[in-house]
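A.B. asks: These are the residues of each chain, in order.
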Amino acid sequence: MLNIKPEKSPAVQANSNGSEYAIEARELSIYYGNFPAVRSVSMNIHKQKITSIIGPSGVGKSTVLRAFNRMNELVPSARAEGEVLYHGKNIYDSDVDPVEVRRRIGMVFQKPNPFPKSIYENVAWGARINGFRSNMDELVEQSLRGAALWAEVNDKLQQSGLSLSGGQQQRLCIARAIAVKPDIILMDEPCSALDPLATLKIEELMRELAKDYTIIIVTHNMQQAARVSDYTAFFNLDDSGNRTGILEEFGDTKKIFTNPEKKSTEDYITGRFG
Amino acid sequence: MTRITNTRETFDRQLRKLKDDILVMGSMVEQATLDAAKALKTRDTKAAQRVYEDDQWINQKHLQIENDCVMLIATQQPMARDVRFLASMLEVSTELERMGDYAKGIARIHLIIKDDPFTHPVTEIVQMAETATRMLHQALGAFVNNDLETANAIPLEDDIVDELYNQFHHQLIEKMIEKPEIIDRANYLLWAAHNLERMADRVTNICERTIYVNTGILKEIASSDDEMLVGLK
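Chains A and B, in that order, give the protein sequences. Read left to right, the first sequence gives residues 1 to 274 (the working numbering). Read left to right, the second sequence gives residues 1 to 233 (the working numbering).
Think of the hints as simulated: they come from the structure by calculation, not from any bench. There may be inaccurate statements among the hints.
Unchecked claim - Cut-off 30 Å, straight-line C-alpha distance, at most; resulting in silico cross-link-like pairs (BS3-like, lysine-lysine):
id: 1; chain 1: A; residue 1: K47; chain 2: A; residue 2: K156
id: 2; chain 1: A; residue 1: K201; chain 2: A; residue 2: K254
id: 3; chain 1: A; residue 1: K263; chain 2: B; residue 2: K19
id: 4; chain 1: A; residue 1: K111; chain 2: A; residue 2: K181
id: 5; chain 1: B; residue 1: K17; chain 2: A; residue 2: K254
id: 6; chain 1: B; residue 1: K19; chain 2: A; residue 2: K255
id: 7; chain 1: A; residue 1: K254; chain 2: A; residue 2: K49
id: 8; chain 1: B; residue 1: K17; chain 2: A; residue 2: K263
id: 9; chain 1: B; residue 1: K219; chain 2: A; residue 2: K262
id: 10; chain 1: A; residue 1: K263; chain 2: B; residue 2: K46
id: 11; chain 1: B; residue 1: K46; chain 2: B; residue 2: K219
id: 12; chain 1: B; residue 1: K19; chain 2: A; residue 2: K262
id: 13; chain 1: A; residue 1: K211; chain 2: A; residue 2: K181
id: 14; chain 1: A; residue 1: K255; chain 2: B; residue 2: K17
id: 15; chain 1: B; residue 1: K175; chain 2: A; residue 2: K262
id: 16; chain 1: A; residue 1: K211; chain 2: A; residue 2: K255
id: 17; chain 1: A; residue 1: K254; chain 2: B; residue 2: K219
id: 18; chain 1: B; residue 1: K38; chain 2: A; residue 2: K254
id: 19; chain 1: B; residue 1: K175; chain 2: B; residue 2: K17
id: 20; chain 1: A; residue 1: K255; chain 2: A; residue 2: K117
id: 21; chain 1: B; residue 1: K38; chain 2: B; residue 2: K175
id: 22; chain 1: B; residue 1: K219; chain 2: A; residue 2: K255
id: 23; chain 1: A; residue 1: K254; chain 2: A; residue 2: K47
Unchecked claim - Over 12 Å on every C-beta distance to chain A, these chain B residues come out as not near it, computed from the model:
id: 24; residue: K19
id: 25; residue: K46
id: 26; residue: D54
id: 27; residue: I113
id: 28; residue: Q167
id: 29; residue: I173
id: 30; residue: L190
No residue lacks a Cβ here, since even glycine has one placed at the ideal position from N, Cα and C.
Pulled out of the complex, with its shape left as it was, chain B reads as follows (with noise of 0.2 Å):
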């Protein structure tokens, strides 16, 4: 005999099939952040090419998430947590989707500056992905576990990224200022940074998300904003 113990059991298991999307949508934004970030050091051309044309993936995973998300909004009729959820599960896909594009501009920016001698080893760009994809992880499991300690911490760490970023810009600053005639690549390096500074930012609205999801208040996580005052110090 059919016994039914959860009254929403068939919705519950569509959500719980969305956090799996979301952490598969996760691992591909964060493998194509590392592999921009890798090729870019390691000048290869290759992967950086890969990294480029498979944004599209991500792109599709975002339309499906975001298809589904409506989807369910429309015939569920979600209450109180699960329509907190479902509108945070669309913010977080968008913003994952937007860090695909960072991924995808990092790729590009190898591919137009190829072959031309760095101006600056990108040591730092390679510890800034590595650092954002780390708080990445982090956040989309706190997101997925309802983990408000840890969706609390995590944009702590984005002062480790910005710090990176400003030791990067300065040194590239100085660079361009004894070399004018870098200034065009070094600008492109810039960008590279800049893109995975902005990444960490937007694990900073991943948190937000998982904060609104399990208490209700949805309220900006002030952030540090010390990648503004480069140059003014």
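Only chain A is shown next, with the shape it has when bound in the complex (with noise of 0.2 Å):
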């Protein structure tokens, strides 16, 4: 569990400019080891707009996305090398702290990973240690609104977050995510535990929450890619036959589904791969 401190990193806030970019990753390699997962990636996110990020399993997907929070840092060997800029700012200059940064750069996981806590405490718990004064039960209403799961649980709010199914326990984390407001959104394939109509009103959710936020999405879901993004970014294994992750495209999801410039990102969104 992050220890998230309520107070602000001055490193972050003072760093905001008004760039269109929510993050620009200048040469990123992330290694494990000596093993170098993903290499010399460059991308601008922008702002109030969703990314997603595709590619075949293995390439870095999820390296890169946890990359934009620092979030490697918690697997041991991983370093990364290049620069992540929020704002501006390096996340990995040394006067930033890496748990703020978490906080304003929230995530959303594969595997759903409620605490066991209740369904209200779920949600309300990283606003309170944020120090949310204001009405906590219209936030956690509003907040499992958001996540589609409010008609499922609202007349068993106490009981606990692991009570619920796989699909349930990861809409109350996508609920326990939007209740802190971070500033951009990680999420990493949210919707591979939902149902069909419950992906769709994720997708849904996503798009009302770009009107305030960023959103970086990785999926295998290319038909998620196509109707929920923005911007898609293709990434694939180099040809050096280390199973290096790079970026091969980035672009406008409109082109990339419908004309991309590279041959290999055609192969993959037609499903000629393999």
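Both chains come to you apart, so use the hints to assemble them.
C.D. replies: Below, the structure is given as structure tokens:
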């Protein structure tokens, strides 16, 4: 569990600039020990847009996503080179508090991981320790509605989050992420455990959230990337034979899915690979 | 042991079948056009009647292709080149269906004027039909084989059809001025020629789709509008 401190990091706060990008990755490489998992990624994530990251398994999509809020540091032996600029400030600078980075750049994981607490507390907890003083009931309801879970849990808010089904647990985690009102939300396959209807609800929710937040989503569901995102990044293995991931193509989602520049992107999105 | 070498074998097979279908439909249209022009020239009422009635099979083929395209779009989630191809297939099938209507129209003109003496030999009409169907044949070949070079070259041939149409139009106008009593019949023949001129224009639309499938660029190929200048020369 993360030890999130309520106070804000001056280093992060002081460097907000007028850039149209929420995150700018510059020559970002991530290593696990000596193994380069991802090499030389440079990409700009537009503010208040949804950017999807697609690509075959094992190309480092989740690794890149986790690098955007220094979550990789929780993995022993992981190390990043290059820069990840957040509001113009490199989040890897020594004066930046990683805990604060993770509060402002929240994350929803592939596997649901609710706390062993009540449904209500799961949502309220993060907001409370961040000093939220307004109507907590309202925040909890709003967040649960946003995660398309309210109708299923409104009469059992005091039950354990772990009593919910896998799909419901994931939506609870989304509600929890929303509740602390982050600046950017990173989503790692957030709908892989949801049924199609709940998935579409989450996608609609993402469009709503994108009015205020920047969203980056890793997904294996290409139709989801096509439906929901404004920009798409296609990651692929480089040709070194080392299974190192690279950013192959990045651009407007409409362009990527109708007329990508590279043949490798075309082969992947039309399903002709392997 | 089953080994999967192509991850979209089934889809690719369905796409190949669609290509076969569009070639079959193209052949039906070519035959109808040539038969209609020939029937007009040889005054073969039976043949004209057959072209007129057989248009229903072209329409049926069009509906089948449209249905198959929609089914693939709904079930296979085509992306990139695949979605451009299926969208273009719908367009090409529609073009062919309209060309079938032109052939039917020419057959209908013969059925109307029947035994009335011709006001003018219809050699140009047969030549136009031959040129337009040759263009169509090449354009469909280019479409299914992703042959960009041919797709870019075919629209230039439209000028030949335009030139034949202009000649024919010019001569008929002169005849009409000479003998106003033939205006009705001459006008029907002009319509037949106009149908063929339009058919060649529609071949250009097919070439535009071939370019779109292969490049992603949706653009109009500038075609000559000489036929518009008839009478102004």
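A.B. asks: For each hint, tell me whether it holds in the structure or not.
C.D. replies: Quick rundown of the hints versus the structure:
no.	hint	in the structure
1	A/K47 to A/K156	violated, 36 Å
2	A/K201 to A/K254	holds, 21 Å
3	A/K263 to B/K19	holds, 22 Å
4	A/K111 to A/K181	holds, 21 Å
5	B/K17 to A/K254	holds, 28 Å
6	B/K19 to A/K255	holds, 25 Å
7	A/K254 to A/K49	holds, 14 Å
8	B/K17 to A/K263	holds, 24 Å
9	B/K219 to A/K262	holds, 21 Å
10	A/K263 to B/K46	violated, 53 Å
11	B/K46 to B/K219	violated, 42 Å
12	B/K19 to A/K262	holds, 25 Å
13	A/K211 to A/K181	holds, 13 Å
14	A/K255 to B/K17	holds, 28 Å
15	B/K175 to A/K262	violated, 60 Å
16	A/K211 to A/K255	holds, 22 Å
17	A/K254 to B/K219	holds, 18 Å
18	B/K38 to A/K254	violated, 48 Å
19	B/K175 to B/K17	violated, 50 Å
20	A/K255 to A/K117	violated, 44 Å
21	B/K38 to B/K175	holds, 23 Å
22	B/K219 to A/K255	holds, 16 Å
23	A/K254 to A/K47	holds, 18 Å
24	K19	holds, 16 Å
25	K46	holds, 49 Å
26	D54	holds, 37 Å
27	I113	holds, 49 Å
28	Q167	holds, 42 Å
29	I173	holds, 47 Å
30	L190	holds, 42 Å
Hint compliance for this structure: hints 1, 10, 11, 15, 18, 19, 20 are not met, and every other hint is.
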